[in-house]
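Given the coordinates of chain A, work out where chains B and C should sit on it, guided by the hints.
If you want the building blocks of each chain, they are given just below.
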Amino acid sequence: MTDSELISAPASDPVRKGRMVVYAIALVIALALAFAPFLFQDVRSGQVAARICIFIVLAASYDLLIGYTGIVSFAHTMFFGMGAYGAAIALKNSGAHWSSVIAGGGLGVLCAAVLAVLIGILSLRVKAIFFAMVTLAAASVMLVLVSQFSDFTGGEDGIVYSSPNLFKPATKLLLGDDGKVLKIMGVSMDGKIAAYYFVFLSCLVLYWFLARIVRSPLGTVLEAIRENEMRAEAIGYRVVAYRTAVFMIAAIVAALAGVVWAVWLKYTGPESTLSFAIMIDILLMVVIGGMGTMVGAVIGATLMSIAQFFLKDLMEAAAGATSFLPLVPNLLNPDRWLLWLGILFILLVYFFPAGIAGTLMKKGAHK
Amino acid sequence: MSDTILRLDDVHTDIAQYQILRGVNLKVPEGGVYVLLGRNGAGKTTTLRTVMGLWRARKGAIVFRHHDITAMHTADIARLGVAYVPENMGIFGGLTVAENMRLASHSGVFDPDRLERIFTLFPAVKTFWDKPAWALSGGQKQMLAISRAIIEPRELILIDEPTKGLAPAIIRAMIDAFSEIARDCTILLVEQNFQFASSLGTGVSVIEDGHIVHSGSMASLVDDAGLQTRLLSLSLDAHQ
Amino acid sequence: MALPAKPADWFDRIGGVNALPVLLMIIALPLVGSTSTWVTLTVAGLAMGMMIFLMASGLSLVFGLMDVLNFGHSAFISFGAFIGASVLAALAAWVGADSAILNFLALFAAIGAATTFGLIAGLFFERVIIKPVYGDHLRQILITIGALIVSEQIVLAIWGGNPVAVPRPAILDGSWIIGDIAIEIYRIFAFFLGLAVFIALKLVLNRTRLGLLIRAGVENREMVEALGFKIERVFVLVFMVGSALAAMGGAMWGGYQGLITGALGGEVMILVFIVVIIGGLGSIEGSLLGALLVGLLGNYVAFIFPKLSLASNMLLMMAILLWRPWGLRPALKR
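Protein chains in written order, with the working numbering: chain A, 2 to 368; chain B, 24 to 263; chain C, 6 to 339.
Think of the hints as simulated: they come from the structure by calculation, not from any bench. Take these hints with a grain of salt, some might be off.
Unchecked claim - DSSO-like, lysine-lysine: derived pairs with alpha carbons at most 30 Å apart: (1) C:K136 x B:K82; (2) B:K154 x C:K207; (3) A:K93 x A:K193; (4) C:K207 x C:K136; (5) C:K235 x C:K207; (6) C:K207 x B:K149; (7) B:K187 x B:K149; (8) C:K235 x B:K50; (9) C:K235 x B:K149; (10) A:K181 x A:K193; (11) B:K154 x C:K235; (12) A:K267 x C:K312; (13) A:K93 x C:K312; (14) C:K235 x C:K136; (15) B:K82 x C:K235.
The shape of chain A in the complex, shown without the other chains (with noise of 0.2 Å):
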């Protein structure tokens, strides 16, 4: 196909229908959040669907750096943490209140956005590479930081408190004619489902802000510098600038969800905010939902949440079943299901480097 061939063609058929078809599976991803209370009442489902918003954001923030820039960060579950931990101290310390959660939560978005200058401005003039080992040292120390200065962070045990009154259990939202709690299709206005609503809300501002971004010039830049860093710096876009600041970005939606994940846990630990094994799984989120498309941090995020609940029990019957053969089980073990993850993940960055928005769109994310 010649050059002129693929400017001028118009979007066809198969590919509006791809984008069709993205935009139907995130819509209904966004409808199932949007009543997940009442569609799903387990206890289980209901943390799951929080989870999925929170991954929904933070893949998406994610997105922004790798799709959109180009840059491979592994800080980010540390700015997730940093103002995850900074609601967590203050609502420990200084009560269940709302000002605990501003001012607490306040400081640490702040300090990760600081932070995150300061790596960018250090790191991202030399190489982009080297950014890759820069955020990883960088959040490896904060990992050891946090199990060091137990007193003030709990160390491995994590912190737990209580959230603001408004989302306890006993809060009476709204009284039906009773003067009980009003109960709505089988579910109780009680501060649960606020602390859902407030969970479900605040991602979906954080979402709609990071969408809006890579509409903006800025996203036009972004791409533009993505796609040849030379040409764009000779153009005059001042890249290293560019980058901290699409860095600093990721990094404060990063730490707002910190918070909002915080006190809807009610726990924060390293486990729960820092470890690598949650920045795998972003990552993850955003490769197989397609990078550089933002929607696909939607369909990422989704699909590894619920993947991880029913593969490790599949995973489980399937150890069971093949229990007498030597090393197998091992291999089927529900622990390792990130070995299986891995692989998939492998085949897909071969294959399907697009991911499965991009790939449906039929839209290169990256060559």
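Only chains B and C this time, still in chain A's reference frame:
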């Protein structure tokens, strides 16, 4: 007329989404210096890199002697007897002059006659033999780059703008050296400096916007002021 | 590439960046206080540095030559440690024997097994994992991370999640006591093994034709090809050696720790990255310098401010990046 040593048939090369060469047809006759003129961005460097296999032609064929080298590995093209001196000279600054030379000789052992000839052509190479190459001046680096290209017997040497940024005295020395080298091999020279090119070249082609727009003898181009103006007006100013 | 700004004259006169480890030792002496403790810490730091050097040099060369940042490198470290431990456990009789020869045989068998594994796995890794994505940084990083996940899980599947004890050959167990100074013999061995590898690498790089090709390839791959050499063949070789050194370093590190878990590779990898960044990519001198600095600083700080040990290396990295964004001794790039 002598045989054709290098032939490009309708060569197209893209870099990223840009089409740089859009059907280059070129015949380089054996022996002497053949010059490819053109202004910045016309596709001169891309032509040389495509011949060398450093960029791949999307379409068309490149034939060196009777070998189709279009899809050949760069190293194999080099082993056929094609040398390349890029615009930035490709000197290994962390290596000494001697190591640069040793790398260029396929066996690692020098042919004493060739080495002696190089030392006569470029005394600086001998003077700085054990010095790190990054310490050389621009002109000395250029001499080293060309020495590297001729330490092995070559049939075709591709040279990209060797005069860029060099002092006039060094350019004059280059002219002598190139005439001497061209006695037993062919040089395909990419140039913007018409004076330099015209004092060396026998044949000439002019490339413009990815096409060859003129091919002929250097003598007729030198005599025809009108043709020069038409073909080269834009590229000459910079160097004169 | 423009060289970084000229440092102060006195700094150049004492050897420039090469003197940094010595400067660090001198500064640490009064802070540590006791001379015997200082000697112990310094030996520990040098030994640790040399082991990290083993792991870092391969990564640095692979990056310099092939422009590949291999996150899977830590998998070779883990495998090296576990294979070494398994061989030592299998040769328990030799390990515990009262014969220096049998002790060393067991040790060399362990290191040899790990290194051989590194060579073979490196070949496989380069051909299957990395080759398809040459020249595409983003996919390289992703795919090597994928490979890292898979290999870590394989380590867990084979050796389990519980810590594994690494037997130490009798002759290397224990310390030499000189006055009130105690020096662990294992550390001396680690130091000299690292030094031997460094010298061997230097000799190969500076005295052989292969070394010439590698050094030239680090600077300008394209030109090496235009001179008639297929650099991919050198790639495979360098990758194999780099992986083998990582596995060797892992085996040594495992013996040093005495108790290893599947997280070992990842933990050490952070140090390796820091070393490669501060040393400068593509040069083994840089790797050595960075490794010694990280090893020494880590040990001194662990003694003086125990809580800041890892953070100190991070701060070191930040400081050096501020001072020399390309690292202390980067290879010349085109």
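We went through each hint and held it up to the structure:
Taking the CA atoms of K136 of chain C and K82 of chain B, the gap is about 25 Å. The hint holds against a cut of 30 Å. Proximity of K154 of chain B to K207 of chain C is assessed by CA-CA distance (about 19 Å); at most 30 Å being required, the pair is judged to hold. With a C-alpha separation of about 20 Å, the suggested pairing of K93 of chain A with K193 of chain A holds against the 30 Å cut-off. Among the hinted pairs, K207 of chain C with K136 of chain C is consistent with the structure: their alpha-carbon atoms are about 27 Å apart, no more than 30 Å.
Restraint check for K235 of chain C and K207 of chain C: satisfied, since their Cα atoms lie roughly 22 Å apart, inside the 30 Å limit. Proposed proximity of K207 of chain C and K149 of chain B is supported: the alpha carbons are some 26 Å apart, at most 30 Å. At most 30 Å may separate the alpha-carbon atoms for a hinted pair to count; K187 of chain B and K149 of chain B meet this at roughly 23 Å. Only pairs whose Cα atoms come within 30 Å are accepted, and K235 of chain C paired with K50 of chain B is accepted, the gap being roughly 28 Å.
Of the pairs offered as hints, the one joining K235 of chain C and K149 of chain B holds, with about 29 Å between alpha carbons and a cut-off of 30 Å not exceeded. Simply put, K181 of chain A and K193 of chain A have alpha-carbon atoms about 16 Å apart, close enough for the 30 Å limit, and the pair holds. As the CA atoms of K154 of chain B and K235 of chain C are separated by approximately 27 Å, the hinted pair is consistent with the 30 Å bound. The hinted pair formed by K267 of chain A and K312 of chain C meets the criterion: a straight-line CA distance of about 28 Å does not exceed 30 Å.
Only pairs whose Cα atoms come within 30 Å are accepted, and K93 of chain A paired with K312 of chain C is accepted, the gap being roughly 24 Å. A C-alpha spacing of about 14 Å is found between K235 of chain C and K136 of chain C, which places the hinted pair at or below 30 Å, so the restraint holds. Pair hint K82 of chain B plus K235 of chain C holds up; C-alpha atoms about 24 Å apart against a cutoff of 30 Å.
In terms of the numbered hints stated before, the structure departs from none.
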